[in-house]
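Asker: Please put together the full structure from these sequences, using the hints given.
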Amino acid sequence: MKAAVMRATGHPLAIEDVPAPEIGPEEVLVETRTCGICGTDLHILEGRGYVPPLPHILGHEPAGVVAAIGQRVTRYKVGDRVVPHLFFTCGECFFCRDGRDEQCANLRGILGVLVNGAFAEYFKAPESNLFFLPLNVSFEEGGLLADAVVTSVHAHRRSNLQSGEIAVVLGCGGVGLTLIQVLKAAGVRVVGVDRSDESLSLSRELGAELTLNSADPGRVRKVREFTGGLGARCVFNCVGTGGTMRDSVDYVMTCGRIVVIGEEADSPAVSTTEIAQRELEIVGSRNGTRQDMAEAIRLLASGRVKPPIARRFSLAQINEALALVRSGALGRVVITVKD
181 MKAAVMRATG HPLAIEDVPA PEIGPEEVLV ETRTCGICGT DLHILEGRGY
231 VPPLPHILGH EPAGVVAAIG QRVTRYKVGD RVVPHLFFTC GECFFCRDGR
281 DEQCANLRGI LGVLVNGAFA EYFKAPESNL FFLPLNVSFE EGGLLADAVV
331 TSVHAHRRSN LQSGEIAVVL GCGGVGLTLI QVLKAAGVRV VGVDRSDESL
381 SLSRELGAEL TLNSADPGRV RKVREFTGGL GARCVFNCVG TGGTMRDSVD
431 YVMTCGRIVV IGEEADSPAV STTEIAQREL EIVGSRNGTR QDMAEAIRLL
481 ASGRVKPPIA RRFSLAQINE ALALVRSGAL GRVVITVKD
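Each step along the sequence shown adds one to the number in our numbering, with nothing skipped, and position 217 is 397.
Just so you know, the hints here were simulated from the structure itself, not pulled from any lab data.
Owing to the predicted nature of the structure, the values given are computational and were not obtained by experimental measurement.
Cβ coordinates follow ideal geometry from the N, Cα and C atoms, glycine included.
Some hints here could point you the wrong way.
Claimed, not checked - No more than 20 Å apart at the CA atoms, straight line, and that leaves these computed lysine to any residue pairs for SDA-like: (1) K486 - E378; (2) K182 - Q497; (3) K364 - E385.
Said to hold, decoys possible - Per label pair, the in silico range of CB-to-CB distance: (4) R280 - L315: 30 to 36 Å; (5) E444 - R404: 24 to 30 Å; (6) E378 - E444: 36 to 42 Å; (7) E202 - A456: 51 to 57 Å; (8) N499 - P233: 27 to 33 Å; (9) A456 - R187: 45 to 51 Å; (10) A194 - V400: 44 to 50 Å; (11) P397 - Q457: 45 to 51 Å; (12) D396 - Q457: 35 to 41 Å; (13) K182 - A449: 42 to 48 Å; (14) S494 - V231: 25 to 31 Å; (15) R404 - L315: 44 to 50 Å; (16) D519 - A449: 45 to 51 Å; (17) E196 - V400: 48 to 54 Å.
Answerer: Given below as structure tokens:
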């Protein structure tokens, strides 16, 4: 099969002929139709953070068609349209049994990160990790389920927000723009904050009632005015830098919650005095669970959430596509592996 192979950090991916994955009795071979590109792909390729054993195939936002099934697979048949939950979990540990499988203690793999992914004509996944893709959801939209959409659904669930409450989405990129739609579908009022006026314009189109440039010196005051002087019930930090964490504390109301989605290892801590005195809650949010995947699929099928797609590239154009993501493309960039 053709695959975009990572052989070294800091170097372009190479399009090569490699063997198709061999499946076990409980695994499914999927013919890749599309695969989205995520910032995590860039982090790995550039050697920032975890680097898997090389050579490696990246890509964790795929959708495709079942090409072959293992001997014990009963749920799927050849030709079924499917999308994966990218965390290959054990189903038996405390966290899996508690419905928190994104924190599995015996993680068997993460598609495209710990195991070979879908920048290739085929990928494999355990039967238990696959979901049917509804006929009214395109492959390219379905591929974004595994990350951008399920991450947004999980973050909303972590927020405990109720309909009519106000939230700030800080960072209106691929996840942030999807999150705005998820929140609006739940009746939450949204303020979008970003450094890009283009992103803010799209945020308004997708349902944000107020948008603010992060360089606006009056942004905190404007959030306070919009919320009747209280501040937002919840702030979703999709960036994760020290500066945006400081802003999150300024935007959120006393006794409010900050949901941290974006990750930066060297982010300075916010004031513990302010956290304690204002009784703020700071919670993390990592990808999502199988329950979140089911909800994400329902939202896509309903048409209430539609991930914004910036551009589409062929597998042969993978390095051009990665460069576009690196430049800060608005919306998701998708690789079409097979039409």
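Asker: Could you see if the CB distance from N499 to P233 stays within 27 to 33 Å?
Answerer: violated, 22 Å
Asker: Could you say whether the range 48 to 54 Å given as a hint is met by the Cβ separation of E196 and V400?
Answerer: holds, 51 Å
Asker: Using the beta carbons of E202 and A456, state whether their distance is inside 51 to 57 Å or not.
Answerer: With Cβ atoms ~54 Å apart, the hint holds.
Asker: Given the hinted pair K486 and E378, is their alpha-carbon gap at most 20 Å?
Answerer: Answer holds: K486 to E378 is near 18 Å, not above 20 Å.
Asker: A range of 45 to 51 Å was offered for this pair. Does it hold for the Cβ distance of D519 and A449?
Answerer: holds, 49 Å
Asker: Take the C-alpha atoms of K364 and E385, compute the straight-line distance between them, and say whether it is at most 20 Å.
Answerer: holds, 12 Å
Asker: Does the beta carbon distance between K182 and A449 stay inside 42 to 48 Å, or does it fall outside?
Answerer: holds, 46 Å
Asker: Using the beta carbons of R404 and L315, state whether their distance is inside 44 to 50 Å or not.
Answerer: holds, 46 Å
Asker: Is 45 to 51 Å a correct range for the gap between the Cβ atoms of P397 and Q457?
Answerer: Roughly 25 Å apart at Cβ, these two residues miss the hinted range, so it is violated.
Asker: Just tell me: holds or violated, for the beta carbon distance of E444 and R404 against 24 to 30 Å?
Answerer: Taking Cβ atoms as reference, E444 and R404 lie about 26 Å apart, which means the hint holds.
Asker: Is 25 to 31 Å right for how far apart the beta carbons of S494 and V231 are?
Answerer: Given about 26 Å between the Cβ atoms, the range holds.
Asker: 45 to 51 Å was suggested as the range; check whether the CB atoms of A456 and R187 agree with it.
Answerer: holds, 49 Å
Violated hints, in rising order: 6, 8, 11 and 12; the structure is consistent with all others.
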